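K.L.:
Numbered per numbering that gives the first Met the number 0, the sequence shown finishes at 445, counting up by one with no gaps.
Hints are not guaranteed to be accurate.
[Stated by the list, open to error] EDC-like, lysine to aspartate or glutamate: derived pairs with alpha carbons at most 16 Å apart:
no., residue 1, residue 2
1, K92, D122
2, K284, E336
3, K284, D205
4, K92, D75
5, K216, E266
6, K117, E336
7, K284, E271
8, K117, E148
9, K216, D182
10, K216, D186
11, K117, D101
12, K284, D184
13, K216, D205
Hints in this document: simulated from the structure, not taken from any laboratory.
Since this is a predicted model, take the numbers as computed values, not measurements.
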Amino acid sequence: MMWFVATVLTFVQSVAATAPEKHSQAGYRPWVPVYLMEHPLAICNDGSPGAYYLRRGLPGSRRWVVYLEGMGWCWDVPSCARNWQRSHGTSHKFPRTAAQLDYRGRRFLSQGIFDPVKSPLADAHIAYVKACSNDAFMGDRSPTVPTHEPFVHRRPDTAWHFRGRRIVEAVFRDLRRRTGLGDLDGDRVVYGGGSAGARGALVTMDWIASMPSIVGKASVVGLLDSGFWIPISPHPKNVGWASFGQQMRSALNLMNASFLLGDACSEEYPGEQQWKCLMPAYRVKFVRTPYFIVHSQYDKFALTMNLWGHYSFAVPPPRLLPWADNYRQLVLRYLPEPTQNSGKVVFSPASYFHCVVTTPQFWTTVANQTLLSDALQQWLDNPYTSERISESCQGFDCGSHLGMPLQYRKLRKLRLRRLSITDPAPVELPLPIPQPPGMLAPPVLV
Numbered sequence: 000m001m002w003f004v005a006t007v008l009t010f011v012q013s014v015a016a017t018a019p020e021k022h023s024q025a026g027y028r029p030w031v032p033v034y035l036m037e038h039p040l041a042i043c044n045d046g047s048p049g050a051y052y053l054r055r056g057l058p059g060s061r062r063w064v065v066y067l068e069g070m071g072w073c074w075d076v077p078s079c080a081r082n083w084q085r086s087h088g089t090s091h092k093f094p095r096t097a098a099q100l101d102y103r104g105r106r107f108l109s110q111g112i113f114d115p116v117k118s119p120l121a122d123a124h125i126a127y128v129k130a131c132s133n134d135a136f137m138g139d140r141s142p143t144v145p146t147h148e149p150f151v152h153r154r155p156d157t158a159w160h161f162r163g164r165r166i167v168e169a170v171f172r173d174l175r176r177r178t179g180l181g182d183l184d185g186d187r188v189v190y191g192g193g194s195a196g197a198r199g200a201l202v203t204m205d206w207i208a209s210m211p212s213i214v215g216k217a218s219v220v221g222l223l224d225s226g227f228w229i230p231i232s233p234h235p236k237n238v239g240w241a242s243f244g245q246q247m248r249s250a251l252n253l254m255n256a257s258f259l260l261g262d263a264c265s266e267e268y269p270g271e272q273q274w275k276c277l278m279p280a281y282r283v284k285f286v287r288t289p290y291f292i293v294h295s296q297y298d299k300f301a302l303t304m305n306l307w308g309h310y311s312f313a314v315p316p317p318r319l320l321p322w323a324d325n326y327r328q329l330v331l332r333y334l335p336e337p338t339q340n341s342g343k344v345v346f347s348p349a350s351y352f353h354c355v356v357t358t359p360q361f362w363t364t365v366a367n368q369t370l371l372s373d374a375l376q377q378w379l380d381n382p383y384t385s386e387r388i389s390e391s392c393q394g395f396d397c398g399s400h401l402g403m404p405l406q407y408r409k410l411r412k413l414r415l416r417r418l419s420i421t422d423p424a425p426v427e428l429p430l431p432i433p434q435p436p437g438m439l440a441p442p443v444l445v
């Protein structure tokens, strides 16, 4: 019975998260794939051109959103050798025409902040930057050994390109040419991403904002969703998973991200500690650009990867909840306290999710009795808004019910009551609704 209730609840939520919203279709504007052919260094791991999806804004709009996709990363040869990483190291399977992109655009790229009607950024030009370099958009490294082997046989440490930073730079330069980004005083860019994309945006944000050759006259602010990695050791029984800190140490050299370390951060963390300048928990205090951070105290990716070594829709059983609560306390410890008039906002719910601003749950997510959508709107309207909004309810996933319809709340309450009585193995819940052949799944990994 418990499995049935958990399955029904998650299925209902997954349908809500993936079904197109009717009002979104009324003002739908098409997405167009753009390949960065004119930028020879803006390439994927296999050397194919980087790409982004462009949706033009309303006439006269002087706002842009540049949003970096998640889809994971790798940090050494074994992690890069996984099928997921190799399949996301190329642009060969990306849509080539607006018609091929239409299904994904309507179903997955018209929700939350991408909603073309009611989003607080509905008028903006949007660039959804595709992940294909496995470096969280931080790398800048070419192969050290020439090779003509098929990509599937190439060694990541010697024969892969890691050019995520160059992809970001090329997207901005292309937007300047195509849409006039930065041509006028008052132009504004919301630069960010989800998961790995959020980590990449946090590290590159100050560099982007300080380069008129990249952003012209535009001002830049950051929107960072579910990428706030903290130093935490995996669960003792999860022996096959490298900690976030270990990943950062290895990735720094593998992908050559030293350009982005920053002088102030490198001075505080010199030598063998420089990897900390890629870790959000350590880097965030050095970020000068105004930002809006969204990160749950029960982030699903961080919890499931550190508990089991793979991303899962499972609900942790009661015996693992103390570990989850320890993670929560560390998140609250490392999330910054914005200074007055800094233009920095931290929004931290106590909900079991990973990435929310591009989903329908953007409108129902709550922290400390404040809706995420309202907090973001206020921040966008007032550049000096500065606050930390943290949910203080008690218990695992205690914040999720705050934005749920009544019938879902009842199902959730019954599920948690039954979980408190028994201690089952993790329940694997249904995967999202299948897509037509040839379409990539929506981003779910960091």
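K.L.:
Against each hint, give a clear statement of whether it holds in the structure.
P.N.:
We went through each hint and held it up to the structure:
In summary, the hint linking K92 to D122 is not supported, as the alpha carbons are separated by about 30 Å, beyond the 16 Å threshold. Proximity of K284 to E336 is assessed by CA-CA distance (about 9 Å); at most 16 Å being required, the pair is judged to hold. A threshold of 16 Å between alpha carbons decides the hint, and for K284 with D205 the separation of about 12 Å falls inside it, so the pair holds. Between K92 and D75 the alpha-carbon distance is near 24 Å, which puts this suggested pair outside the 16 Å criterion.
Under the criterion of a C-alpha separation no larger than 16 Å, the hint pairing K216 with E266 is inconsistent with the structure, at around 30 Å. With a C-alpha separation of about 30 Å, the suggested pairing of K117 with E336 is violated against the 16 Å cut-off. A distance of roughly 20 Å separates the Cα atoms of K284 and E271; the hinted pair therefore is violated under the 16 Å criterion. Using a Cα cut-off of 16 Å, the hinted pair K117 and E148 is violated, with the two alpha carbons roughly 48 Å apart.
Restraint check: the Cα-Cα separation between K216 and D182 comes to about 6 Å, which is no more than 16 Å; the hinted pair holds. With a CA separation close to 7 Å, the supplied pair K216 and D186 stays within the 16 Å bound. Distance check on the hinted pair: K117 and D101 sit about 20 Å apart at the alpha-carbon level, beyond 16 Å; violated. For the proposed pair K284 and D184, the alpha carbon gap of about 28 Å is over 16 Å, so the pair is violated.
With a C-alpha separation of about 15 Å, the suggested pair K216 and D205 falls inside the 16 Å cut-off, and the hint holds.
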